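Next come the chains, spelled out residue by residue.
2 protein chains.
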Amino acid sequence: MQTPTAAMLVIGDEILSGRTRDSNMHHLAGALTNHGISLREARMISDDHEIIKTHVQALSATYTHVFTSGGIGPTHDDITADAVADAMGAAIAVRDDARAILQAHYDARGMELNAARLRMARIPEGAHLIENPISAAPGFTIGNVHVMAGVPRIFEAMLAGLLPTLAGGAQMLSQSLRVARGEGDIAGPLGDLATAHPEVSIGSYPFEENGAHGSNVVVRSTDGPAIDAVISELARLFPRIDG
Amino acid sequence: MQTPTAAMLVIGDEILSGRTRDSNMHHLAGALTNHGISLREARMISDDHEIIKTHVQALSATYTHVFTSGGIGPTHDDITADAVADAMGAAIAVRDDARAILQAHYDARGMELNAARLRMARIPEGAHLIENPISAAPGFTIGNVHVMAGVPRIFEAMLAGLLPTLAGGAQMLSQSLRVARGEGDIAGPLGDLATAHPEVSIGSYPFEENGAHGSNVVVRSTDGPAIDAVISELARLFPRIDG
Numbered sequence: 011m012q013t014p015t016a017a018m019l020v021i022g023d024e025i026l027s028g029r030t031r032d033s034n035m036h037h038l039a040g041a042l043t044n045h046g047i048s049l050r051e052a053r054m055i056s057d058d059h060e061i062i063k064t065h066v067q068a069l070s071a072t073y074t075h076v077f078t079s080g081g082i083g084p085t086h087d088d089i090t091a092d093a094v095a096d097a098m099g100a101a102i103a104v105r106d107d108a109r110a111i112l113q114a115h116y117d118a119r120g121m122e123l124n125a126a127r128l129r130m131a132r133i134p135e136g137a138h139l140i141e142n143p144i145s146a147a148p149g150f151t152i153g154n155v156h157v158m159a160g161v162p163r164i165f166e167a168m169l170a171g172l173l174p175t176l177a178g179g180a181q182m183l184s185q186s187l188r189v190a191r192g193e194g195d196i197a198g199p200l201g202d203l204a205t206a207h208p209e210v211s212i213g214s215y216p217f218e219e220n221g222a223h224g225s226n227v228v229v230r231s232t233d234g235p236a237i238d239a240v241i242s243e244l245a246r247l248f249p250r251i252d253g
Numbered sequence: 011m012q013t014p015t016a017a018m019l020v021i022g023d024e025i026l027s028g029r030t031r032d033s034n035m036h037h038l039a040g041a042l043t044n045h046g047i048s049l050r051e052a053r054m055i056s057d058d059h060e061i062i063k064t065h066v067q068a069l070s071a072t073y074t075h076v077f078t079s080g081g082i083g084p085t086h087d088d089i090t091a092d093a094v095a096d097a098m099g100a101a102i103a104v105r106d107d108a109r110a111i112l113q114a115h116y117d118a119r120g121m122e123l124n125a126a127r128l129r130m131a132r133i134p135e136g137a138h139l140i141e142n143p144i145s146a147a148p149g150f151t152i153g154n155v156h157v158m159a160g161v162p163r164i165f166e167a168m169l170a171g172l173l174p175t176l177a178g179g180a181q182m183l184s185q186s187l188r189v190a191r192g193e194g195d196i197a198g199p200l201g202d203l204a205t206a207h208p209e210v211s212i213g214s215y216p217f218e219e220n221g222a223h224g225s226n227v228v229v230r231s232t233d234g235p236a237i238d239a240v241i242s243e244l245a246r247l248f249p250r251i252d253g
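The listed protein sequences correspond, in order, to chains A and B. Position 62 of the first sequence, counting from 1, maps to 72 under this note's numbering, and the rest follow consecutively. Position 13 of the second sequence, counting from 1, maps to 23 under this note's numbering, and the rest follow consecutively.
Pulled out of the complex, with its shape left as it was, chain A reads as follows:
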């Protein structure tokens, strides 16, 4: 089967102002790679209804899946659910199943399910809930858009529940070789190797260690033996650093 594709939408002014450093994109990238879904792009955008709507529609039309993080809490700046509903042409209101989850959570803690907290039960018509094992307030899937929390441990817990329900394609495999040569020294033969082996993708990432230049060469493919063959050729071409 074709490898499913994905995009991520990180929503929040605090990311763009530099106040908060996003970690959900990097977490999602690794999890999708392991699951056989190809993350093609990520966008970080502000808490603005029309902006969210525009990007959700563009990405939803282009990729198999769209994953969002941020903006589903109880405060006035949490507008993601309404904007995604609008983007997908769905009505949105407090839904009984989500309200029941929140009611049970706050009852158990002797806390009030007030109007602000009840906003977190606003779920688009036709959406499936995504479980939140940390703080109860659910995410949701509508169409091919998966809406999750911004707080990293809640995002990660939601994703851990969601991902096994999504079909994965052939898993992207990779091997790397640390080479005791700077990129400028290996670039020529590396380019020839890449041309000769279009069945793999070869990336090169420079590093410096004890004042010496080295390159980490990464070979990626869904075809394990093809990777092995290219790694063997690399090991013949360049002196290797272990570790």
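Just to be clear, a hint being listed does not mean it is correct.
Same chains, same names: a pair is fine if it fits in one copy or spans any two.
Once the Cα atoms are required to be at most 25 Å apart in a straight line, the calculated SDA-like pairs of lysine to any residue come out as [to be verified]:
1) LYS63 x THR74
2) LYS63 x GLN113
3) LYS63 x GLU122
4) LYS63 x TYR73
5) LYS63 x SER48
6) LYS63 x HIS115
7) LYS63 x PRO14
8) LYS63 x ARG132
9) LYS63 x ILE144
10) LYS63 x THR15
11) LYS63 x GLY179
12) LYS63 x LEU139
13) LYS63 x ALA101
14) LYS63 x ILE251
If you are wondering where the hints come from, they were derived from the structure by calculation, not from laboratory data. Source: prediction; values computed, not measured.
Go by the hints and put chain B onto chain A.
Okay, now just chain B, sitting in the frame of chain A:
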């Protein structure tokens, strides 16, 4: 004057595969906020000529500035300079000024300026060079697009040289107050405060400390006294946590 706007393009398959965690976007976000340039969005995309070209054109047409990171090294997968030149309708070739910089750098180290390294002197016609005080190979500005390296300390050094040459607008200021109440408890009055004070933007970020829920309320504006006034109201409304 109007506050200039910006977008960032983080270029590299290694970011999307989860192999590498980008740090340039967070660094740029903080630096632009301090400089009075408003970062409106960031996109992370793969090393693909047509994809880079499409996004550069879209962002360049929308924002005052576009900053890119990644893909300007000597290897076959470093295709950013050519893709940006194509996007901006400029010819690209090895340029004498960039070649002279590289020649001096490698001569001083007894290293050869071979064909691969010479690729880093490919600069679009009409572009201005951006100095690279770390490893010599320059970035460049063409039109409103600033093309810089992906290696974080090189990106940061290039930006440090570039940013003082760009006009900044009114600087976005912020103050925050740590409140000893969860978001669900403060959301109602906070929403009212936000409605009453459209001259500031109020964000709220939950945290947990010693098992208790708190909220970090951040007030942003270019108007310092307006922030002071709202922070005073917040301090009257909610119990504060110091530190």
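Next item on the list: Tell me, please, which holds for LYS63 and ILE251 at an alpha-carbon limit of 25 Å: within, between, both or neither?
Entry: Neither, since 49 Å and 36 Å both go past 25 Å.
Checklist line | 25 Å Cα threshold - placement of SER48 relative to LYS63 | finding: both (23 Å within a copy, 21 Å between copies)
Notebook entry, point to check: Is the C-alpha distance from LYS63 to ALA101 at most 25 Å within one copy, between copies, in both cases, or in neither?
Noted result: This pair counts as within: shortest intra-copy Cα distance 14 Å, inter-copy 37 Å.
Note to self: At most 25 Å between CA atoms: does that hold for LYS63 and GLN113 within a copy, between copies, both, or neither?
What the structure shows: Neither way: LYS63 and GLN113 sit 30 Å apart in one copy and 50 Å across, limit 25 Å.
Next item on the list: At 25 Å max between alpha carbons, let me know whether LYS63 reaches PRO14 within a copy, between copies, both or neither.
Entry: Intra 23 Å, inter 24 Å, cutoff 25 Å: intra and inter.
Next item on the list: Can you give me the call for LYS63 and GLU122, within, between, both or neither, at a CA distance of at most 25 Å?
Entry: neither (32 Å within a copy, 52 Å between copies)
Note to self: For LYS63 and TYR73, with the copy left unspecified, which applies at a CA distance of at most 25 Å: within, between, both, or neither?
What the structure shows: both (16 Å within a copy, 19 Å between copies)
Next item on the list: Evaluate LYS63 and ARG132 at a C-alpha cut-off of 25 Å and name the case that applies: within, between, both or neither.
Entry: The answer is within: 17 Å in one copy meets 25 Å, while 39 Å across copies does not.
Check: When no copy is named, should LYS63 and THR15 be tagged within, between, both, or neither for a Cα gap of at most 25 Å?
Finding: both (20 Å within a copy, 20 Å between copies)
Check: Are the CA atoms of LYS63 and GLY179 at most 25 Å apart within a copy, between copies, both, or neither?
Finding: Neither: 28 Å inside a chain and 28 Å across chains, both beyond 25 Å.
Notebook entry, point to check: When no copy is specified for LYS63 and LEU139, does a C-alpha distance of 25 Å or less occur within a copy, between copies, both, or neither?
Noted result: within (20 Å within a copy, 38 Å between copies)
Next item on the list: Give the relationship of LYS63 and ILE144 under a CA distance limit of 25 Å: within one copy only, between copies only, both, or neither.
Entry: Result: close neither inside a copy nor across copies, 28 Å intra and 42 Å inter.
Hints 2, 3, 6, 9, 11, 14, counting from the list given before, are not met by this structure.
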